[in-house]
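Asks: The lines below spell out each chain.
Number of protein chains: 2
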Amino acid sequence: MEELLASYIKNVISVNDTEMQLILSFFKFKKLKKNELVLHHGEASQRTFFVIKGCLRIFYIDEQGVESTRYFAFENQFATALVSFITAKPSEELMQAVEPTEVLYISHENFYRLLELLPQWEKFYRIYLENAYVNNTNRLQSFFVQDALTKYRYLLEENPIIVQRLSNKLVASYLGISQATLSRLKAKK
Amino acid sequence: MEELLASYIKNVISVNDTEMQLILSFFKFKKLKKNELVLHHGEASQRTFFVIKGCLRIFYIDEQGVESTRYFAFENQFATALVSFITAKPSEELMQAVEPTEVLYISHENFYRLLELLPQWEKFYRIYLENAYVNNTNRLQSFFVQDALTKYRYLLEENPIIVQRLSNKLVASYLGISQATLSRLKAKK
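If you're matching them up, the sequences are chains A and W in order.
The numbering of the first sequence is my numbering, which starts it at 1 and goes up by one.
The numbering of the second sequence is my numbering, which starts it at 190 and goes up by one.
A couple of the hints might just be wrong.
What the hints assert, rightly or not - Pulled a few chain W residues facing chain A out of the computed Cβ check, cut under 7 Å:
{"no.": "1", "residue": "R315"}
{"no.": "2", "residue": "L318"}
{"no.": "3", "residue": "T326"}
{"no.": "4", "residue": "L344"}
{"no.": "5", "residue": "E347"}
Keep in mind the hints are simulated off the structure, nothing from the lab.
Cβ atoms here follow ideal geometry from the backbone N, Cα and C, with glycine treated the same way.
Work out the full structure: start from the sequences and follow the hints.
Replies: As structure tokens, this is what we get:
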């Protein structure tokens, strides 16, 4: 299962075998149950996760208890509550396995140690951040300019796995609409 | 005026005089009139700007012509339509001087050339991206969980210069509320 991660990394940066061994040695394996939280509200985000199997979601809960999902990470994707990971402040976001999930994770400390040990890791992290930025700005923009139907169609185009694989409740929490509205959109499309 | 930029850079990374001269040699000076657009919708974002004086804003216009502002950059801040800068795709965002403004800018080509020439520039860009990510995620979150009054109070706490220095029209476009609502909030606070 480290092969999946190794191949992901090789697609991004050039490293020799010794360097790859060093990188992989910092990652640990963990199995998560469905609905298991890996980060609670107010806890500092000390780990970055690479999904081997299953799905992680990153979400907020507002004062009325309404959940809003910012991101789903499926197989072969990285995920963390990145603001807290960067700032080391308590996280506003929570993180949860929404299916039985297997991950490899690296601690904040070791992630930043790699930045000092391996110049290529700066490039790896830079591209990680570029992708995260593009992703999040597209999400932000969808809240600015798109109505519910446009958002749903865009999601089907860009990321259909979310609609295909996850419950209506989760999809609605991602689009920022009610489950009733989502059902109407699904019927209309 | 290059001193402002040099001092900004020195606060982020360690470079010697020769390296600093190399970095600064890639930046060019430009004066912008109030309301001048530096990036149109659909144009690729080929420059990153450092504000010496004045203010740049980054915004969307939806199909109804409603403007939503994502970001204001004042003196001593960097700004670009970063998604387009990263992806080299046409920009959804526009960029405009909202006051008479002076900037130093670097082209996309030279910015990425610096990544190859100077290992420290990877670190500079990484920290640039970290800040941009934190900023944008906080903006995204404010759309998820905050009502208009909470958003306004948060803005006064975190970034009062926006309210103090810019018109109600611009502030409203940043908060995603109408000018009438903003006036009510200002009276209430």
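Asks: Taking the hints in turn, state whether each one holds.
Replies: To see whether the hints hold, each was checked on the structure:
Contact between W/R315 and chain A, as hinted, is supported at the beta carbon level, the nearest pair being about 5 Å apart and thus within 7 Å. Among the interface hints, the one on W/L318 holds; its C-beta lies about 4 Å from the nearest C-beta in chain A, closer than the 7 Å criterion. Checking W/T326 against chain A by beta carbon gives a least distance of about 5 Å; that is within 7 Å, so the hint holds. The restraint placing W/L344 at the interface with chain A is violated, with a minimum CB-CB distance near 16 Å, outside the 7 Å limit.
Of the supplied interface hints, the one on W/E347 is violated, with its beta-carbon coming no nearer than about 13 Å to a beta-carbon of chain A, more than 7 Å.
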